[in-house]
Amino acid sequence: MSMGALKQYIDLFREHCGLIDANSAAPLNALRPEAYRLLQDMKLPAEGDDNYENCDLEAMLAPDYGLNIARVDIDVNPQATFRCDVPMLTTSLFMLVNDTFAAAEGAVESLPEGVEAGSLRRLAIENPEVVSAYYGKLADMTNPVTALDTMLAQDGFYLRIRKGVKVDKPIQLVNILENGMPLMAVRRMLIIVEDEAEAKLLVCDHTQNPDLDFLSLETVEMFVGCNARFDYYNLEESTEKTTRISTLYLRQEAGSNVSVDGLTLFNGTTRNEYYTLFAGEDAELHLYGMGIEDASRKVSTYSRIDHAVPRCRSNEMFKYTLDDTAKGAFTGRIHVAPGAVKTEAFQSNRNLVGSNEARMTSRPELEIYNDDVKCSHGTAIGQLNEMQMFYMRTRGLDEATARLLLKQAFMADIIDRIKVDALRDRLRLMTERRFAGESSACASCARCGR
Amino acid sequence: MLKVKDLHAQINGKEILKGIDLEIRPGEVHAIMGPNGSGKSTLSMVLAGNPAYEVTEGTAEFNGKDLLSMPPETRSHEGLFLGFQYPVEIPGVSMVNFMRAAVNAKREYFHQPPMSATDFLKMMREKRAVVELDNKLASRSVNEGFSGGEKKRNEIFQMAVLEPKLSILDETDSGLDVDALRVVAEGVNKLKNENNATIVITHYQRLLDYIRPEFIHILYKGRIVKSGGPELALEIENRGYDWIKEEVDNQ
Ligand SMILES: Nc1ncnc2c1ncn2[C@@H]1O[C@H](COP(=O)(O)OP(=O)(O)OP(=O)(O)O)[C@@H](O)[C@H]1O
Ligand SMILES: [Mg+2]
Numbered sequence: 001m002s003m004g005a006l007k008q009y010i011d012l013f014r015e016h017c018g019l020i021d022a023n024s025a026a027p028l029n030a031l032r033p034e035a036y037r038l039l040q041d042m043k044l045p046a047e048g049d050d051n052y053e054n055c056d057l058e059a060m061l062a063p064d065y066g067l068n069i070a071r072v073d074i075d076v077n078p079q080a081t082f083r084c085d086v087p088m089l090t091t092s093l094f095m096l097v098n099d100t101f102a103a104a105e106g107a108v109e110s111l112p113e114g115v116e117a118g119s120l121r122r123l124a125i126e127n128p129e130v131v132s133a134y135y136g137k138l139a140d141m142t143n144p145v146t147a148l149d150t151m152l153a154q155d156g157f158y159l160r161i162r163k164g165v166k167v168d169k170p171i172q173l174v175n176i177l178e179n180g181m182p183l184m185a186v187r188r189m190l191i192i193v194e195d196e197a198e199a200k201l202l203v204c205d206h207t208q209n210p211d212l213d214f215l216s217l218e219t220v221e222m223f224v225g226c227n228a229r230f231d232y233y234n235l236e237e238s239t240e241k242t243t244r245i246s247t248l249y250l251r252q253e254a255g256s257n258v259s260v261d262g263l264t265l266f267n268g269t270t271r272n273e274y275y276t277l278f279a280g281e282d283a284e285l286h287l288y289g290m291g292i293e294d295a296s297r298k299v300s301t302y303s304r305i306d307h308a309v310p311r312c313r314s315n316e317m318f319k320y321t322l323d324d325t326a327k328g329a330f331t332g333r334i335h336v337a338p339g340a341v342k343t344e345a346f347q348s349n350r351n352l353v354g355s356n357e358a359r360m361t362s363r364p365e366l367e368i369y370n371d372d373v374k375c376s377h378g379t380a381i382g383q384l385n386e387m388q389m390f391y392m393r394t395r396g397l398d399e400a401t402a403r404l405l406l407k408q409a410f411m412a413d414i415i416d417r418i419k420v421d422a423l424r425d426r427l428r429l430m431t432e433r434r435f436a437g438e439s440s441a442c443a444s445c446a447r448c449g450r
Numbered sequence: 001m002l003k004v005k006d007l008h009a010q011i012n013g014k015e016i017l018k019g020i021d022l023e024i025r026p027g028e029v030h031a032i033m034g035p036n037g038s039g040k041s042t043l044s045m046v047l048a049g050n051p052a053y054e055v056t057e058g059t060a061e062f063n064g065k066d067l068l069s070m071p072p073e074t075r076s077h078e079g080l081f082l083g084f085q086y087p088v089e090i091p092g093v094s095m096v097n098f099m100r101a102a103v104n105a106k107r108e109y110f111h112q113p114p115m116s117a118t119d120f121l122k123m124m125r126e127k128r129a130v131v132e133l134d135n136k137l138a139s140r141s142v143n144e145g146f147s148g149g150e151k152k153r154n155e156i157f158q159m160a161v162l163e164p165k166l167s168i169l170d171e172t173d174s175g176l177d178v179d180a181l182r183v184v185a186e187g188v189n190k191l192k193n194e195n196n197a198t199i200v201i202t203h204y205q206r207l208l209d210y211i212r213p214e215f216i217h218i219l220y221k222g223r224i225v226k227s228g229g230p231e232l233a234l235e236i237e238n239r240g241y242d243w244i245k246e247e248v249d250n251q
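Each protein sequence line maps, in turn, to chains A and B. Count the first sequence with the working numbering and you get residues 1 to 450, in order. Count the second sequence with the working numbering and you get residues 1 to 251, in order.
Hints listed in this document are in silico derivations from the structure and should not be mistaken for laboratory results. C-beta atoms are modelled at their ideal positions from N, C-alpha and C, and glycine is treated no differently. Treat the hints loosely; a few may be bogus.
DMTMM-like, lysine to aspartate or glutamate: derived pairs with alpha carbons at most 25 Å apart [what the hints assert, rightly or not]:
no., chain 1, residue 1, chain 2, residue 2
1, B, LYS65, A, ASP398
2, B, LYS165, A, ASP398
3, A, LYS342, A, GLU386
4, B, LYS136, A, ASP413
5, A, LYS163, A, ASP195
6, B, LYS14, A, GLU386
7, B, LYS136, A, ASP41
8, B, LYS136, A, ASP195
9, B, LYS18, B, GLU57
To be clear about the criterion: a stretch of chain A counts as covered by chain B if any three or more of its residues have a C-beta under 8 Å from a C-beta of chain B, and this derived list gives those stretches [said to hold, decoys possible]:
no., region
10, 387 to 397
11, 407 to 413
Which chain A residues stay away from chain B? Per the calculated CB distances, all over 10 Å, these [claimed, not checked]:
no., residue
12, TYR36
13, PRO112
14, GLU113
15, ARG122
16, LYS137
17, LEU138
18, ASP168
19, ARG229
20, GLY255
21, GLU357
22, SER362
23, ALA436
The following block holds chain A by itself, in its conformation from the complex (with noise of 0.2 Å):
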């Protein structure tokens, strides 16, 4: 029997699972069952154990948020209180509001004919085979975090492009955290990317009200196909009152090439796990992650690629910068099979430590079972360059525009990669004005005050 924080969500469900269902639809209640029976024996991850150093999933899960399981509409206009998106960048928007689908206006009608973009559970209503063949799928329930997630999500976001469509524009979803009392939102998403196919996806992950506690669980299912091309970038611009625990599975085709950008601007305890699997050969992933934590802020990234067949490429990269009293931890975990012969892996984690009471580890973990592999792996935790501070001092920078200047040049290489131009030159104003310590980043949001 669970005890802990579990019990709360596994009582919660016990006692409510009809309203649930009877707000959410046929594919993602069916595998709520299973995901109950199996939390009842769960125990979650204790802090520190083996890929949970600095995550203590106890504490994150343990407050009481309300959760809105009812689906009453929660009284925000999206519309009038966000604009926050990516100026210059002509995406087609969509939103969620906590775990809602709320507001898609002009946004269906922006995308060409072949793609699917919308509220999950609606189209599980409406199409429920479609959903029911991948929903869960890829999931982990043996994760407990996934293994809640399955068991409380009634909705999220579903994007599939169809086979051969080519979608130039990139997507955007922005989820809204926002509430009159703290919140617990859950949520999914499932994203089909068929063979031949391609687009870029951007999420940009907010929380509009900073003096409220609100906890995000989400769970992300990623289908390339052959030759496919999908670009994915979570943007967390949340709170130091947000907690968000997020998991990502992706599954790859043959000849697929994916780039996952998990970008963390602003935040206040974040999990982030990503579990990817080549099913293909000849396909490539890109990795990357950046976290600018600071204040009492907490990150924690675990992340497997399994290379379960030849051929494959994958480059990982994160990098984290940790000042005043953050915290950090970063588990990389790449698993070559013993068949998977001509794999390229490459992995670094990199990160620099401003302050004697900030902490940050990092543990690079590769199993390889073949010698036909090239595969290599970085790792440093460091302080910013003495001598590089120095010299730019001496040019007549203060230490605060040198520091600046060289956390910017350090999170370069992260952001540089953004192959959209306008968030790529967006994220590098932003990350400057974040190491500037300016307290919003964003200063044309309503809750920046604008």
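Given the coordinates of chain A, assemble chain B with the ligands onto it according to the supplied hints.
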């Protein structure tokens, strides 16, 4: 302009400078020579304010102000420039952004508004011409992947941009080919006037042939053990340091 008295400094608990006295007036050019490890770069680092070095005794006055109490950036604003023996590479920080930040920091110090983008670019172009610095280098990261000679040229370029009152050039000549040496030396000469001063640290007469300092100082074991005119440099060129070392060590 600069008055250094009985300056002692250490790094990691090891005393390197053991009582330096030095006075520089506007319009003067001084050369500091001395065997490897004698403390020349240490002196330049201490004057520029490298926090890794600790001053244990002595004073340094710069245009009437207490130099040693200023942070490095204030020393720069007040007109001190150090051309590094080993210019530092800063990957990810572009030369242009770096120089813009430097120029505007100085302007802010003197309560001036930031320079306009067009004025700034115009100035960069003019100053680049002084040392014939390749335009391509200006768009790259600071010193990253620059050749030894390019790094040294870049130091003089920065000096030209910042228009210091006192420049300390630590072995700016080493690693330069003959043509580059001429260009760099001419650059230094072009920037020279009656209101500023230069200290060149060097091992070689060939730089001094161009720059022609009036004062030569020999630094040995953390002290200036001999000072003289241009003839002293020629004597070193011919006889090496052994005779000076003997004189000092026998005292
Ligand atoms: N970080 C340090 N820790 C200990 N000793 C140091 C350190 N840095 C420099 N030194 C020592 O200080 C002494 C002076 O070094 P410095 O670089 O000032 O010599 P220099 O006169 O510039 O020599 P060169 O002509 O080779 O450039 C040397 O013995 C050097 O080893
Ligand atoms: Mg030296």
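Just checking, TYR36 of chain A versus chain B, shortest CB gap more than 10 Å?
TYR36 of chain A is indeed farther than 10 Å from all Cβ atoms of chain B, at 49 Å.
Pair hint LYS165 of chain B and ASP398 of chain A, alpha-carbon separation not exceeding 25 Å:
Measuring from Cα to Cα gives roughly 20 Å; hence the hint holds.
Given as non-interface: GLY255 of chain A, partner chain B, CB spacing beyond 10 Å:
Answer for GLY255 of chain A: holds, closest chain B Cβ roughly 33 Å.
Verdict on GLU357 of chain A as a residue remote from chain B, using beta-carbon distances over 10 Å:
For GLU357 of chain A, whose nearest Cβ neighbour in chain B is about 21 Å away, the distance exceeds 10 Å, so it holds.
LYS136 of chain B paired with ASP413 of chain A [C-alpha distance capped at 25 Å]:
holds (20 Å)
LYS136 of chain B paired with ASP41 of chain A [C-alpha distance capped at 25 Å]:
With Cα atoms ~64 Å apart, LYS136 of chain B and ASP41 of chain A exceed 25 Å; violated.
Given the hinted pair LYS18 of chain B and GLU57 of chain B, is their Cα-Cα distance within 25 Å?
holds (9 Å)
Hint consistency between LYS65 of chain B and ASP398 of chain A [alpha-carbon to alpha-carbon, up to 25 Å]:
Holds, because 19 Å separates the two Cα atoms, which is no more than 25 Å.
Would you check the hint for LYS342 of chain A and GLU386 of chain A, treating anything up to 25 Å between C-alpha atoms as holding?
Status violated; Cα separation ~41 Å.
Please check whether the beta-carbon of LYS137 of chain A is more than 10 Å away from every beta-carbon in chain B.
Check passes; 41 Å lies beyond 10 Å.
Just checking, ASP168 of chain A versus chain B, shortest CB gap more than 10 Å?
For ASP168 of chain A, whose nearest Cβ neighbour in chain B is about 29 Å away, the distance exceeds 10 Å, so it holds.
Are all beta-carbon distances from ALA436 of chain A to chain B longer than 10 Å?
holds (12 Å)
This entry does not satisfy hints 3, 7, 8, going by the numbered hints stated previously.
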